[in-house]
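K.L.:
Each chain is listed here by its residues.
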Amino acid sequence: MLEIRNLHKAFGSLEVLKGIDVDLEKGKVLVIIGPSGSGKTTLLRCMNLLELPDQGSMKLSDRKLEFKSGRKLPTREVTELRKRTGMVFQSYNLFPHKTVIENIMEGPVIVQKKDRAAARAHAQELLTKVGLADRGDYYPHQLSGGQQQRVGIARAMAMEPDVLLFDEPTSALDPELVGEVLRVIKQLAQEGRTMVIVTHEMKFAADVADHVILMDGGYIIEQGPPQQVINNPQSPRAQQFMNRIAGEDI
Amino acid sequence: MTDRQIQIVIDSFWPLLKAGLMYTLPLAIASFVLGLIVAVLTALARTSGIRILDFIAQFYVWIIRGTPLLVQLFIIFYGLPSVGIILPPFVAALIGFTLSVGAYGSEIVRAAIQSIPKGQWEAAYSIGMTRGQALKRVILPQAARVSVPPLSNSFISLVKDTSLASVITYIEMFRQSQQIVARTYEALVLYTEAAVIYLMFTSVLFVLQGWLEKRLSRFSAQ
Chain P
122 MLEIRNLHKA
132 FGSLEVLKGI
142 DVDLEKGKVL
152 VIIGPSGSGK
162 TTLLRCMNLL
172 ELPDQGSMKL
182 SDRKLEFKSG
192 RKLPTREVTE
202 LRKRTGMVFQ
212 SYNLFPHKTV
222 IENIMEGPVI
232 VQKKDRAAAR
242 AHAQELLTKV
252 GLADRGDYYP
262 HQLSGGQQQR
272 VGIARAMAME
282 PDVLLFDEPT
292 SALDPELVGE
302 VLRVIKQLAQ
312 EGRTMVIVTH
322 EMKFAADVAD
332 HVILMDGGYI
342 IEQGPPQQVI
352 NNPQSPRAQQ
362 FMNRIAGEDI
Chain S
5 MTDRQIQIVI
15 DSFWPLLKAG
25 LMYTLPLAIA
35 SFVLGLIVAV
45 LTALARTSGI
55 RILDFIAQFY
65 VWIIRGTPLL
75 VQLFIIFYGL
85 PSVGIILPPF
95 VAALIGFTLS
105 VGAYGSEIVR
115 AAIQSIPKGQ
125 WEAAYSIGMT
135 RGQALKRVIL
145 PQAARVSVPP
155 LSNSFISLVK
165 DTSLASVITY
175 IEMFRQSQQI
185 VARTYEALVL
195 YTEAAVIYLM
205 FTSVLFVLQG
215 WLEKRLSRFS
225 AQ
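The listed protein sequences derive, respectively, from chains P and S.
For the first sequence, the working numbering assigns the number 122 to the initial residue and increments by one for each residue that follows.
For the second sequence, the working numbering assigns the number 5 to the initial residue and increments by one for each residue that follows.
Calculated directly from the structure, the hints in this document are not laboratory data.
There could be a bad hint or two in this list.
Said to hold, decoys possible - Sample of chain S residues facing chain P (criterion: CB under 7 Å; computed from the structure): (1) G123; (2) E126; (3) A127; (4) S130; (5) I131; (6) Q137.
Stated by the list, open to error - Straight line, CA to CA, 27 Å or less: simulated DSSO-like cross-link-like pairs of lysine-lysine: (7) K122/S <-> K204/P; (8) K140/S <-> K219/P; (9) K234/P <-> K122/S; (10) K218/S <-> K219/P; (11) K193/P <-> K218/S; (12) K235/P <-> K140/S.
Each residue gets a CB set at the ideal place from its N, CA and C atoms; glycine is no exception.
Please put together the full structure from these sequences, using the hints given.
P.N.:
Right under this line is the structure:
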């Protein structure tokens, strides 16, 4: 489903990704963890080309892309790949001038040229799924953060992407609102959606992940099933990180 | 005021108001609409990331903002005939004011586009939109809302600035009052009367501006 090889990305002279390989099978959940500045968000943003990698290759479903430094990809290649990914942002990034249901319909109607009525019906289904069936005609600023983020998830799913990407989806939320968003994501995992999640929520990561990647300094320093990476890390740096996280939990 | 002055005020009210409605306001509205189109195109050129477009746009804004509007009107109306371009007063005024609104307006529109958070572009891109689709569907509608207060100020200024067109023989409200003064020698009375009619126009616009801002703020409490 998703296959990334030798991915490099630098911002100016700062090298953020130093050769990353990722493999993700259909229906699996990959969770990326690591200290801030480790490159995990950049890696996620490379997956839908919000950041253009400098080097390496990426294959998603039927699209294969090769990256070379200084070469821009054709717009068509970029949008085709983005149509196969859905992104959920840390700060939701809903369109404030559109109602909830219009936010969700926007991609299908404008990008996929779907019929409005069909798009509306599908959007309503998605709203029901994320528990906001009665909020379609509200504007985003009339909703709580947790509700906005659930709309964000519905908007990402509306494109029926091959893979859903989550960029620290609960980091901007008040603590009491985190649970409702994590429950929705967990439900999607159980339905067998392919997902990549960057998060700081270790318990959630252990709970939902099929595979965990721990990043530090632009490298993957440990990966495997969650029991191993989170509860029993092998490398000293991974152990250090897990200890520090455990310390913060107290 | 003497009876004669009162009579002059009454007699000239309708001719002045008529000049305002038929010449001042149409010039203001036409050059504002055309100017807005120029402003948006200029702002898009400046934010396009295409260097030559950005350069041309910057050059245009530099010239217009850096020289007096009155001088620009003189160049267009009195200067261009020496290279064979003879324009009627209305057209000359329309060109001058359109270029002015375009340049000042482009700075407003550009600031509004840049005030939209980067996350809005990213959200638009993430659902597969192209740059053009993102601009049209996501960025410009939000930027338009941000621009309403400063742009309505520009329009109100423009209504007053049209009095400059009097010097290129366009018979708008102020020129009309000058002509009545030339006949009656009642400068204080007539210019004050013209000022009052300008004030009537702008007062209506102030009310409209307040109403428009209130309407737009309902959608975004960001």
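K.L.:
So, for every hint listed, does it hold in this structure?
P.N.:
Verification of the supplied hints:
no., hint, in the structure
1, G123, "holds, 4 Å"
2, E126, "holds, 6 Å"
3, A127, "holds, 4 Å"
4, S130, "holds, 4 Å"
5, I131, "holds, 3 Å"
6, Q137, "holds, 6 Å"
7, K122/S <-> K204/P, "holds, 20 Å"
8, K140/S <-> K219/P, "holds, 13 Å"
9, K234/P <-> K122/S, "holds, 25 Å"
10, K218/S <-> K219/P, "holds, 18 Å"
11, K193/P <-> K218/S, "violated, 44 Å"
12, K235/P <-> K140/S, "holds, 18 Å"
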